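From first to last, the protein sequence lines stand for chains A and B.
The C-terminal position of the first sequence is numbered 334 in the numbering used here, with every residue numbered one higher than the one before it.
The C-terminal position of the second sequence is numbered 235 in the numbering used here, with every residue numbered one higher than the one before it.
Mixed in with the good hints, there may be bad ones.
Listed next, the stretches of chain A that the computed footprint assigns to chain B, with coverage defined by at least 3 CB atoms under 8 Å from CB atoms of chain B [to be verified]:
id	stretch
1	7–13
2	148–162
3	201–212
4	236–242
5	275–288
6	299–309
Keeping only pairs whose Cα atoms sit at most 30 Å apart, straight-line, the calculated DSS-like set for lysine-lysine is [claimed, not checked]:
id	chain 1	residue 1	chain 2	residue 2
7	A	292	B	123
8	A	214	A	62
9	A	315	A	259
10	B	225	A	181
11	B	225	A	30
Okay, the calculated beta carbon distance ranges per label pair [said to hold, decoys possible]:
id	chain 1	residue 1	chain 2	residue 2	range
12	B	51	A	32	39 to 49 Å
13	B	70	A	223	23 to 33 Å
14	B	57	A	3	18 to 28 Å
15	B	31	A	205	27 to 37 Å
16	A	253	B	26	38 to 48 Å
17	A	72	B	70	29 to 39 Å
18	A	9	B	31	45 to 55 Å
19	B	206	A	48	24 to 34 Å
20	B	160	A	242	54 to 64 Å
21	A	94	B	51	37 to 47 Å
22	B	26	A	173	43 to 53 Å
23	B	119	A	195	45 to 55 Å
24	B	160	A	43	34 to 44 Å
25	B	220	A	173	21 to 31 Å
Keep in mind that the hints were calculated from the coordinates and are not lab data.
Treat the numbers as computed from the prediction; the structure is a model and nothing was measured.
We treat Cβ as the ideally placed atom computed from N, Cα and C, and that holds for glycine.
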Amino acid sequence: MISIKELEMKKIKDLEAQYPFVLSFFENNKLNVDGFKDSTFIEYLNHFTEEEIEEWAIDVPKISSDLEAYINQMLEFLGLEKDNVDSITILAGRDKYGNKENFEELTINKSEIVSIVGPTGSGKSRLLADIEWAANGDTPTGRTILINGEKPDYSMRFSTSNKLVAQLSQNMNFIMDLTVKEFLELHAKSRMVENEQEVVLKIVEAANELAGEKFNLNTPVTGLSGGQSRALMIADTAILSTSPIVLIDEIENAGIDRKRALNLLVNEEKIVLMATHDPSLALMADKRIVIKNGGIYKVNETGSKEKEVLKELEKMDKTINTMRAKLRNGETIN
Amino acid sequence: MNLVIISGPPSSGKTSVILKTIEAIKKRSINAGVVKFDCLYTDDDILYEKAGIPVRKGLSGSLCPDHFFASNIEEVVKWGNKEGLDLLITESAGLCNRCSPYLNGIKAICVIDNLSGINTPKKIGPMLKTADIIVITKGDIVSQAEREVFASRVNSVNPKAVIMSVNGLTGQGAFELSTLIYDENANIETVKGSELKFPMPSAMCSYCLGETRIGEEYQMGNVRKMYIGEENDKH
Numbered sequence: 001m002i003s004i005k006e007l008e009m010k011k012i013k014d015l016e017a018q019y020p021f022v023l024s025f026f027e028n029n030k031l032n033v034d035g036f037k038d039s040t041f042i043e044y045l046n047h048f049t050e051e052e053i054e055e056w057a058i059d060v061p062k063i064s065s066d067l068e069a070y071i072n073q074m075l076e077f078l079g080l081e082k083d084n085v086d087s088i089t090i091l092a093g094r095d096k097y098g099n100k101e102n103f104e105e106l107t108i109n110k111s112e113i114v115s116i117v118g119p120t121g122s123g124k125s126r127l128l129a130d131i132e133w134a135a136n137g138d139t140p141t142g143r144t145i146l147i148n149g150e151k152p153d154y155s156m157r158f159s160t161s162n163k164l165v166a167q168l169s170q171n172m173n174f175i176m177d178l179t180v181k182e183f184l185e186l187h188a189k190s191r192m193v194e195n196e197q198e199v200v201l202k203i204v205e206a207a208n209e210l211a212g213e214k215f216n217l218n219t220p221v222t223g224l225s226g227g228q229s230r231a232l233m234i235a236d237t238a239i240l241s242t243s244p245i246v247l248i249d250e251i252e253n254a255g256i257d258r259k260r261a262l263n264l265l266v267n268e269e270k271i272v273l274m275a276t277h278d279p280s281l282a283l284m285a286d287k288r289i290v291i292k293n294g295g296i297y298k299v300n301e302t303g304s305k306e307k308e309v310l311k312e313l314e315k316m317d318k319t320i321n322t323m324r325a326k327l328r329n330g331e332t333i334n
Numbered sequence: 001m002n003l004v005i006i007s008g009p010p011s012s013g014k015t016s017v018i019l020k021t022i023e024a025i026k027k028r029s030i031n032a033g034v035v036k037f038d039c040l041y042t043d044d045d046i047l048y049e050k051a052g053i054p055v056r057k058g059l060s061g062s063l064c065p066d067h068f069f070a071s072n073i074e075e076v077v078k079w080g081n082k083e084g085l086d087l088l089i090t091e092s093a094g095l096c097n098r099c100s101p102y103l104n105g106i107k108a109i110c111v112i113d114n115l116s117g118i119n120t121p122k123k124i125g126p127m128l129k130t131a132d133i134i135v136i137t138k139g140d141i142v143s144q145a146e147r148e149v150f151a152s153r154v155n156s157v158n159p160k161a162v163i164m165s166v167n168g169l170t171g172q173g174a175f176e177l178s179t180l181i182y183d184e185n186a187n188i189e190t191v192k193g194s195e196l197k198f199p200m201p202s203a204m205c206s207y208c209l210g211e212t213r214i215g216e217e218y219q220m221g222n223v224r225k226m227y228i229g230e231e232n233d234k235h
């Protein structure tokens with residue numbers, strides 16, 4: 001832990017050497033420290049004139065106390081043994097009519113896939129929110145979520161760097177004007193990974209294995225096709241996101257190998273929850289949760305008969321995909 | 001009565017977040033009302049009325065909305081107490097992003113959205129930097145990576161704030177927000193004598209006073225010139 005006093009007496013160049021992440025604090029707070037490297041932080045703060053303070057809305061005492069909080073958060077984050085989440089357990093609550101849910105408890109281990117089925121508006125979002133918030137009987141459903149079989153430290157509800165759940169949904173788009181490489185570098189920086197270039201290449205390679213059509217590092221992210229975007233989002237979430245649980249809201253059956261996508265997440269030891277209306281996806285899961293009236297109505301294991309049916313469905317999916325590729329290539333079907 | 005001041009750029013989702021949050025908080029039998037501040041036009045009051053929420057609105061018209069807020073908040077708090085509200089939420093849009101309506105000792109929430117771009121945290125001043133809670137919206141339409149980068153940048157400009165995601169459409173996160181905004185033991189009877197968290201700029205120039213003509217001889221008072229030459233990028 002560093003205190004404001006210590007921090008203010010340090011030279012800027014020493015701060016930067018000791019805590020490299022202060023560079024992004026300076027940048028995001030528009031603190032231009034060029035020419036002040038040999039000054040102490042307090043000397044730098046005191047150089048602002050009254051006019052500058054008013055013009056640029058600079059809150060000098062707040063900058064010191066924010067920097068103190070920021071450095072200590074980052075030190076804590078870096079020093080943190082990644083809390084391994086090996087399993088989550090859902091303890092039953094109530095549906096929207098106040099009836100007890102039709103199960104006692106459900107444990108999902110890492111590398112396991114669970115699908116969530118049920119009509120639109122049946123309570124899938126609430127289930128996800130309960131998991132994300134690590135509900136402790138204190139949400140409208142009264143459910144309790146255990147992490148590794150225990151109640152977690154609830155301070156993680158407010159942590160920005162340690163979110164429990166990463167989400168991938170059908171409506172997601174890239175909105176940044178960056179190339180794939182710049183985009184992944186930016187994400188890697190915010191996660192403070194050390195071997196940035198290696199990670200970037202690994203993600204693109206993984207994404208290209210999922211996508212029907214290949215893209216390269218210099219493709220703008222906003223220029224990717226629907227399938228390519230989803231492939232990149234899934235690969236990036238699997239490899240770079242620190243969240244141990246991934247919630248997927250439907251993966252469209254076009255331009256992406258869905259089975260491989262799920263395998264990638266499972267290989268990266270994620271816990272995968274997948275809301276879907278598509279029977280193939282629903283059956284690719286090990287278990288499926290059926291939601292009705294805001295509550296969990298059933299938990300079904302995917303049976304051996306169902307796995308045979310899945311093979312049939314996969315064949316049909318393949319037929320559709322081959323057909324699509326043929327038509328796009330200008331072939332005719334006789 | 002509890003008082004919560006919510007602000008954020010236009011169209012960031014403030015009204016949707018407030019509606020969903022009040023929906024969640026009503027279940028605890030807390031009587032919540034809203035005062036909406038806007039500039040030229042708003043019909044959000046109709047949305048609140050439809051939801052059965054006591055509402056008042058104020059349009060700042062030709063005045064800076066933050067100055068208008070500061071001149072009216074005392075009466076607004078009186079209204080809330082007279083209505084017998086347990087919780088009064090004020091909603092206002094920051095327009096030039098220089099100021100904020102927050103008062104010392106009053107819970108301040110800033111709503112910003114993922115679609116506004118990752119440099120937004122740099123562009124917004126005290127409205128973001130001095131908020132106690134930062135709500136990030138529209139997370140359902142951008143990628144996980146962009147959400148993570150956006151949240152980490154918000155954190156770097158206000159490391160002490162609680163940062164959370166709320167989906168204004170589905171309400172995901174609104175229940176969680178509702179648990180943070182009401183404190184049984186808090187009771188605000190008046191804000192007379194309260195202070196703004198951050199002073200507004202003393203910017204009075206000839207255009208503030210109705211000047212319309214362009215040209216140096218018409219400019220008086222607090223005037224600042226761009227550096228257009230070689231030095232441009234340094235300012």
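Okay, the hints, checked on the actual structure:
| no. | hint | verdict |
| --- | --- | --- |
| 1 | 7–13 | violated (count 0) |
| 2 | 148–162 | holds (count 4) |
| 3 | 201–212 | violated (count 0) |
| 4 | 236–242 | holds (count 4) |
| 5 | 275–288 | violated (count 0) |
| 6 | 299–309 | violated (count 0) |
| 7 | A/292 x B/123 | violated (45 Å) |
| 8 | A/214 x A/62 | violated (48 Å) |
| 9 | A/315 x A/259 | holds (13 Å) |
| 10 | B/225 x A/181 | violated (39 Å) |
| 11 | B/225 x A/30 | holds (20 Å) |
| 12 | B/51 x A/32: 39 to 49 Å | holds (47 Å) |
| 13 | B/70 x A/223: 23 to 33 Å | violated (46 Å) |
| 14 | B/57 x A/3: 18 to 28 Å | violated (46 Å) |
| 15 | B/31 x A/205: 27 to 37 Å | violated (57 Å) |
| 16 | A/253 x B/26: 38 to 48 Å | holds (41 Å) |
| 17 | A/72 x B/70: 29 to 39 Å | holds (34 Å) |
| 18 | A/9 x B/31: 45 to 55 Å | holds (51 Å) |
| 19 | B/206 x A/48: 24 to 34 Å | holds (28 Å) |
| 20 | B/160 x A/242: 54 to 64 Å | violated (22 Å) |
| 21 | A/94 x B/51: 37 to 47 Å | violated (24 Å) |
| 22 | B/26 x A/173: 43 to 53 Å | violated (34 Å) |
| 23 | B/119 x A/195: 45 to 55 Å | violated (27 Å) |
| 24 | B/160 x A/43: 34 to 44 Å | violated (24 Å) |
| 25 | B/220 x A/173: 21 to 31 Å | violated (48 Å) |
In terms of the numbered hints stated before, the structure departs from hints 1, 3, 5, 6, 7, 8, 10, 13, 14, 15, 20, 21, 22, 23, 24 and 25, listed from lowest to highest.
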